[in-house]
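> Chains L and C, in that order, give the protein sequences. Counted from 1, the first sequence has number 52 at position 52 by the UniProt record's numbering; the numbering is strictly sequential. Counted from 1, the second sequence has number 305 at position 305 by the UniProt record's numbering; the numbering is strictly sequential.
It is possible that part of the hints are untrue.
Stated by the list, open to error - If you want the footprint, here are the derived chain L segments under chain C, 3+ residues with CB under 8 Å:
1. 46–57
2. 109–123
3. 204–218
4. 256–264
Claimed, not checked - Lysine to any residue pairs mimicking SDA-like chemistry, simulated, CA-CA at most 20 Å apart:
5. K264/L with D242/L
6. K268/C with A2/C
7. K248/C with A232/C
8. K190/L with K264/L
9. K145/L with K110/L
10. K199/L with S267/L
11. K190/L with R238/C
12. K110/L with Y304/C
13. K110/L with L307/C
14. K110/L with A305/C
15. K147/L with E172/L
16. K145/L with D189/L
17. K199/L with F228/L
18. K179/C with E136/C
19. K110/L with Q306/C
20. K147/L with G174/L
21. K110/L with V303/C
Since the hints were derived computationally from the structure, they do not count as laboratory data. Virtual Cβ for every residue (Gly too), placed ideally from N, Cα, C.
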Amino acid sequence: MDTPISESVIVGAGVGSALAGLRPIVELMTINFSLVAIDQIVNHAAKLRYMSDGQFSVPLVIRTVTGGGGQLAATHSQSFENWYASVPGLKVAVPATPYDALGLFRAAMKDDNPILFAEHSLLYGMRGEVPDEWYEIPFGQADIKRKGNDVTIVAYSRMTHVALQAAAMLEEKGRQAEVIDLRTLRPWDKETVLESVRKTNRVVVVEETWKTGGFSGEIASTIQEEAFDDLDGPVARVGGLDVPAPYNGTLEAAAIPNSERIIKALSDNYGI
Amino acid sequence: MALLRVFEERAAEQYMLGKIRGFLHLYIGQEAVAVGAIHALGRDDYVTTHYRDHGHALARGLSVNAVMAELFGKATGCSKGMGGSMHLFDASLNFAGGYAIVAGHLPLSTGMGFAFNYLNDNRLVATFFGDGALNEGEAHEVLNMSALWNLPVVFICENNLYGMGIPLSQSMSNTQLHKMAESYGIASAQVDGMDVLAVREAAETAVQHVRSGNGPYFLEARTYRFRGHSMADPVLYRSKDEEAEYRKLDPIAQYGEWLLSSKMATQKKLDAISAEVEKQVEESIAFAEESPFPSPEDLYRNVYAQLP
């Protein structure tokens with residue numbers, strides 16, 4: 001059903017109807033507008049189970065569209081899933097393919113927790129096979145989209161595809177990259193990432209949102225804490241440049257990670 | 001009402017002794033609103049309220065022990081010590097909180113109303129909020145959507161004339177708050193919030209309206225808090241004279257006088273009630289004192305619901 005343009009109540013009413021026994025799915029047109037509802041997401045959806053000691057639950061899915069690259073300018077091009085991934089009580093999904101989107105969404109609907117389901121705006125045209133049989137993908141399970149032994153590229157959402165482009169370029173240079181698509185940010189699949197790093201000894205984390213404060217920092221920090229001795233060099237991070245998204249197409253593209261920047265980061269940190 | 005009054009007075013003392021921490025917002029002076037309004041509700045109706053919620057919790061029937069223990073942060077509290085003064089919950093009584101964010105619970109109440117319509121089960125939600133909540137944008141979104149979707153919500157605005165330290169006239173362009181609701185097409189009324197019988201009657205009208213499928217109702221109860229916004233408030237923004245004037249309207253004193261003059265009760269009976277509630281509250285303090293704190297293992301419990 002359609003609602004007025006009242007994001008705070010869209011989410012809040014979702015939370016409230018969940019408290020009253022329903023299992024709602026609400027939609028925020030883009031994650032940019034989630035800022036209008038952020039109090040309801042962070043202070044209410046995420047915390048009511050905890051503050052009521054489990055007497056009340058919030059089985060709510062918040063579907064939204066994330067990401068830039070469509071020349072929609074600064075206030076319509078952002079990706080805040082990393083902010084929400086910091087919040088205990090929330091779960092965050094960031095699928096990159098039709099198969100992953102469907103599998104994760106089914107899991108999201110069954111989950112009794114509040115979930116932010118962030119679908120990338122430029123991926124809606126992507127086609128992919130999905131099985132006729134029922135399947136689900138649990139949260140906290142990354143997917144190795146490409147196997148390799150020389151370097152690990154960790155990515156999520158649209159950057160998974162940029163990572164795969166970088167992997168193709170590396171292959172031409174005789175290097176096999178392992179591309180890990182996180183699929184969810186909270187929880188995120190630490191074990192798959194660490195296992196890969198122990199194998200390749202080189203890792204770059206790629207995400208679209210601003211590098212400063214990006215979730216790649218969390219991932220990089222975890223890798224160096226838990227696999228320090230397996231690293232041949234510092235964990236590389238490629239993120240959005242620290243600017244608001246410009247309208248101009250060339251400038252906008254320059255601010256978003258691309259395969260060239262991934263290659264350069266690997267060269268800078270690991271000499272490959 | 002007497003229970004609420006004694007509870008709040010003792011809670012204030014316990015706060016000064018350091019047994020209750022954080023914020024404490026006392027309901028002293030406003031008892032008639034919670035008691036009068038909640039009496040008009042059914043058991044299956046939901047109640048939501050703001051952070052000045054001890055009165056509503058007790059009026060709804062939460063155990064005095066469990067509320068005091070919650071304030072003490074004990075594991076026997078109604079939220080096991082995880083919510084505190086501002087986040088009292090009791091699912092068995094459909095008491096859906098206790099909220100610290102001003103107006104934050106209004107969208108939730110809209111959702112509850114939506115669910116009751118969706119389930120077609122004739123329940124309603126009574127949501128209490130202050131005059132300050134109408135400063136927030138989401139309060140207006142809520143009024144619009146509740147009216148638009150014909151939701152079974154009884155809005156009870158406890159207008160105590162101050163939003164923290166700001167007098168009503170300095171924060172609201174229209175100080176007749178129920179008229180604001182009217183502008184959204186919501187049936188509304190104003191009632192003397194110091195008169196418990198008037199509040200109950202007005203709430204019954206509201207409940208009748210809502211349960212008959214006529215959509216939301218907005219009741220503005222004019223009341224006054226005799227203490228500050230919270231225990232931390234030195235109350236520099238209003239005069240002692242003003243407070244003295246409003247104390248003459250004390251809802252408990254008013255009701256007591258009415259009971260005596262109409263011969264519904266004797267002074268002896270009123271004294272017995274006073275003694276009884278004093279005893280209940282004293283016992284709740286002892287209960288809270290003796291109760292254990294939650295343990296460190298409780299820290300992560302209920303952050304997430306476990307997957308089936």
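> Give a verdict on every hint.
Tested hints:
Restraint check on the region 46–57 of chain L versus chain C: 10 residues with Cβ-Cβ distances below 8 Å, three needed, restraint holds. Proximity of the region 109–123 of chain L to chain C, defined as three or more residues with a beta carbon under 8 Å from a beta carbon of that chain, is established by the 4 residues found. Counting residues of the region 204–218 of chain L whose CB lies closer than 8 Å to any CB of chain C gives 0, which falls below the minimum of 3, so the coverage claim is violated. Only residues whose beta carbon comes within less than 8 Å of a beta carbon in chain C count, and the region 256–264 of chain L has 0; fewer than three means the coverage is violated.
Restraint check for K264/L and D242/L: satisfied, since their Cα atoms lie roughly 18 Å apart, inside the 20 Å limit. Proximity of K268/C to A2/C is assessed by CA-CA distance (about 15 Å); at most 20 Å being required, the pair is judged to hold. With a C-alpha separation of about 25 Å, the suggested pairing of K248/C with A232/C is violated against the 20 Å cut-off. Only pairs whose Cα atoms come within 20 Å are accepted, and K190/L paired with K264/L is rejected, the gap being roughly 25 Å.
Distance restraint check for K145/L and K110/L: the Cα-Cα separation of roughly 25 Å exceeds the 20 Å cut-off, and the hinted pair is therefore not satisfied. As the CA atoms of K199/L and S267/L are separated by approximately 18 Å, the hinted pair is consistent with the 20 Å bound. With a C-alpha separation of about 57 Å, the suggested pair K190/L and R238/C falls outside the 20 Å cut-off, and the hint is violated. Annotation: proposed proximity of K110/L to Y304/C holds, straight-line Cα distance about 14 Å (limit 20 Å).
Proposed proximity of K110/L and L307/C is supported: the alpha carbons are some 8 Å apart, at most 20 Å. Proximity of K110/L to A305/C is assessed by CA-CA distance (about 11 Å); at most 20 Å being required, the pair is judged to hold. Taken as a hint, the K147/L and E172/L pair is honoured in the structure, with Cα atoms around 15 Å apart against an allowance of 20 Å. In summary, the hint linking K145/L to D189/L is supported, as the alpha carbons are separated by about 14 Å, within the 20 Å threshold.
For the suggested pair K199/L and F228/L, the alpha carbons sit about 13 Å apart, so the restraint of at most 20 Å is met. For the proposed pair K179/C and E136/C, the alpha carbon gap of about 17 Å is at most 20 Å, so the pair holds. Between the alpha carbons of K110/L and Q306/C the distance comes to roughly 11 Å, so the proposed pair stays at or under 20 Å and holds. A threshold of 20 Å between alpha carbons decides the hint, and for K147/L with G174/L the separation of about 14 Å falls inside it, so the pair holds.
The hinted pair formed by K110/L and V303/C meets the criterion: a straight-line CA distance of about 17 Å does not exceed 20 Å.
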